[in-house]
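Undergrad: Work the whole structure out from these sequences, hints included.
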Amino acid sequence: MYELLERLPDADLLAGGTDFMVEVNAGRRRPLAVVSLHDVPELRGWRRDGSDVVLGAGLTYTEMLDAEFADLVPCLAQAARTVGSPQIRNAGTIGGNLGTASPAGDTLPVLAALGARIGVGRQGSVRTVTLDELITAPKRTSLEPGELIVDVRLPAGLGTQEFLKVGPRNAMIIAVANVALVVDWSGRQVCVALGSVGPVILRPGEAEAFATARIDWDERRLLGGEAALDEFAGLVRAAARPIDDHRSTADYRRHAVGICARRALDRAVRHQRIGALADPFQEKPWAS
Amino acid sequence: MGELSSAETELLRYRLRVNGLDYEVLDAQLCESLLYVLRERLGLHGPKNACLEGECGSCSVLVDGAVECACTVLAAAAAGRDVVTIEGLTPEGSDLSDIQQAFVDEGAVQCGFCTPGLLVSVHHLLSHNPAPTDLEVREAISGNLCRCTGYGRILAAVHAAAADRGRETVGS
Chain A
44 MYELLERLPD
54 ADLLAGGTDF
64 MVEVNAGRRR
74 PLAVVSLHDV
84 PELRGWRRDG
94 SDVVLGAGLT
104 YTEMLDAEFA
114 DLVPCLAQAA
124 RTVGSPQIRN
134 AGTIGGNLGT
144 ASPAGDTLPV
154 LAALGARIGV
164 GRQGSVRTVT
174 LDELITAPKR
184 TSLEPGELIV
194 DVRLPAGLGT
204 QEFLKVGPRN
214 AMIIAVANVA
224 LVVDWSGRQV
234 CVALGSVGPV
244 ILRPGEAEAF
254 ATARIDWDER
264 RLLGGEAALD
274 EFAGLVRAAA
284 RPIDDHRSTA
294 DYRRHAVGIC
304 ARRALDRAVR
314 HQRIGALADP
324 FQEKPWAS
Chain B
4 MGELSSAETE
14 LLRYRLRVNG
24 LDYEVLDAQL
34 CESLLYVLRE
44 RLGLHGPKNA
54 CLEGECGSCS
64 VLVDGAVECA
74 CTVLAAAAAG
84 RDVVTIEGLT
94 PEGSDLSDIQ
104 QAFVDEGAVQ
114 CGFCTPGLLV
124 SVHHLLSHNP
134 APTDLEVREA
144 ISGNLCRCTG
154 YGRILAAVHA
164 AAADRGRETV
174 GS
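These protein sequence lines map, in sequence, to chains A and B.
Counting in the numbering used here, the first sequence runs from 44 upward without gaps.
Counting in the numbering used here, the second sequence runs from 4 upward without gaps.
Just so you know, these hints were derived from the structure itself, not from any lab.
Owing to the predicted nature of the structure, the values given are computational and were not obtained by experimental measurement.
Don't be surprised by glycine CBs; every beta carbon is placed ideally from N, CA and C.
Any given hint could be a false lead.
[What the hints assert, rightly or not] For the chain A half of the interface with chain B, some residues (derived, Cβ under 7 angstroms), not all of them:
1) L56
2) L57
3) T61
4) V65
5) P129
6) A214
7) M215
8) I217
[Unchecked claim] Here are a few chain B residues that face chain A, going by a calculated C-beta distance under 10 angstroms:
9) A31
10) E35
11) S36
12) Y39
13) R42
14) G60
15) L77
16) A79
17) S124
18) L148
19) G153
[To be verified] Over the 10 angstroms line for every Cβ pair with chain A, so calculated as not near, a few chain B residues:
20) V66
21) C74
22) A80
TA: If you want it as structure tokens, here you go:
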């Protein structure tokens, strides 16, 4: 396979096609060569590896909703559940979400918050990169010709996880803002990642440090109540670098990302759910 | 893995399996979507051409048993996969499937443009979940936009088709 990529250095890599074909159909992209990754068995499925979960780059959003997988990485399943429609979730893949490198990619904040290690393969070797090493700017990656995203390694069942997303409606929506938050009870730290509010996925470092300091790790509760949540939301808003575009305004994005992060921290500490994916057919999955 | 290389003038030749039949696609351009090939080369006009962005679901087809938008599938990359369009979901010897008949009976068809895609999604739903709840139906058709009906009659048609199948199963 890598020989093919070496031989066709200008070829476009095709995963689920849900971003790629939109550009082709609109005439914005005219590939002279395409390498379809669909039938590469090494890129399919997921597996446990010790305390990690390893996702093949070709894992689809629908496959991430599988109950056994969702128990291990609940906030990734939550994020996958918000992507597009059943049609899009059946086709789109985690590797495609990474390769497209949109600031609004729904799995990307999750991968940042969980400290994903992304395997990038080329003829004869595989290198491992973090999300911020892979995605360098909107729709730009550090992938070189001949290279391919192979897999994504995540910790299994890490702490309490939450993913929240804002858009004009529930189905077929590209995020106006999204947030992944992980409260790692054993490592005693809070990790937060923000999507759609900057050129790349952002980690609000001060907000993370604040939340980490405000949790009583022995009693497993947040100190300072509502005022602490408000202060946390303020730090998240301050870390956002949103823009005005056709989907929303910078002001609204900043507002929304603060609310999402506040709610995520509140839920994660209060409910301390581990492996509990919100029932997709619950009457009001957004209310809790 | 498929290598789909073509210079500007080089044309592709590949086979597609659609509704159980093998089609030879000749002189094709690399960039053609599955939707384009189904409609313009194979004459299967059930999948409708609307948004070309995977947003509206009017081109929904089954690819290896999963509902996908034909407009976001690169046709040449669908070689070797099993494609089913609305044309392939009508039982042999009858004009309409039971789900199609329920859509007619319940008035779930107005302009009709979204109907073939909806029927593919509903067919898939009922073959995996014979007695769906209202929310499960809404979820299953959440990728199919209808601008006429307001969905009420579509929901009624799906439940009517499911109930009919339930009665048949009990009766037999």
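Undergrad: Please go over all the hints and tell whether each is borne out by the structure.
TA: Structure-based check of each hint:
1. Restraint check, L56 of chain A versus chain B: the minimum CB separation of about 10 angstroms is more than 7 angstroms; hint violated.
2. For L57 of chain A, the interface hint holds, the least distance from its beta-carbon to any beta-carbon of chain B being 6 angstroms, beneath 7 angstroms.
3. Hint status for T61 of chain A relative to chain B: holds, with the closest Cβ pair at about 5 angstroms, below 7 angstroms.
4. Below 7 angstroms, beta-carbon pairs count as interface contacts, and V65 of chain A has one with chain B at about 5 angstroms; its hint therefore holds.
5. For P129 of chain A, the suggested interface contact is upheld, since its CB lies about 5 angstroms from the closest CB of chain B, less than 7 angstroms.
6. With 7 angstroms as the threshold, the beta carbon of A214 of chain A comes within range of chain B, its nearest partner Cβ sitting at about 4 angstroms, so the hint holds.
7. Because the beta carbon of M215 of chain A sits about 6 angstroms from the nearest beta carbon in chain B, less than 7 angstroms, this interface hint is met.
8. A cut of 7 angstroms between beta carbons decides the hint on I217 of chain A: the least distance to chain B is about 10 angstroms, and the hint is violated.
9. A cut of 10 angstroms between beta carbons decides the hint on A31 of chain B: the least distance to chain A is about 13 angstroms, and the hint is violated.
10. A hinted interface residue such as E35 of chain B counts as satisfied when its beta carbon comes closer than 10 angstroms to some beta carbon of chain A; here the least separation is about 9 angstroms, so the hint holds.
11. This hint holds: S36 of chain B has a C-beta 6 angstroms from the nearest C-beta of chain A, less than the 10 angstroms allowed.
12. The interface hint given for Y39 of chain B holds, since its Cβ lies 9 angstroms from the closest Cβ of chain A, which is under the 10 angstroms cut-off.
13. At a threshold of 10 angstroms, the smallest CB-CB gap from R42 of chain B to chain A is about 13 angstroms, leaving the interface hint violated.
14. Hint status for G60 of chain B relative to chain A: holds, with the closest Cβ pair at about 6 angstroms, below 10 angstroms.
15. The interface hint given for L77 of chain B is met, as the beta carbon of that residue sits about 6 angstroms from the closest beta carbon of chain A, less than 10 angstroms.
16. Nearest Cβ of chain A to the Cβ of A79 of chain B: about 8 angstroms, under the 10 angstroms cut. The hint holds.
17. Because the smallest distance between the Cβ of S124 of chain B and any Cβ of chain A comes to about 7 angstroms, under 10 angstroms, the interface hint for this residue holds.
18. The beta carbon of L148 of chain B comes within 8 angstroms of a beta carbon in chain A, closer than 10 angstroms, and the hint placing it at the interface holds.
19. With a cut of 10 angstroms, the hint placing G153 of chain B at the interface with chain A is violated, because the nearest CB-to-CB distance is about 15 angstroms.
20. With a least CB separation of 8 angstroms from chain A, V66 of chain B falls inside the 10 angstroms interface cut-off, contrary to its annotation.
21. For C74 of chain B, the shortest C-beta to C-beta distance to chain A comes to about 6 angstroms, within the 10 angstroms cut-off, and the non-interface label is violated.
22. With a minimum CB-CB distance of about 4 angstroms to chain A, A80 of chain B fails to clear the 10 angstroms threshold, and the non-interface call is violated.
Violation of the numbered hints given earlier is confined to hints 1, 8, 9, 13, 19, 20, 21 and 22; the remaining hints are satisfied by the structure.
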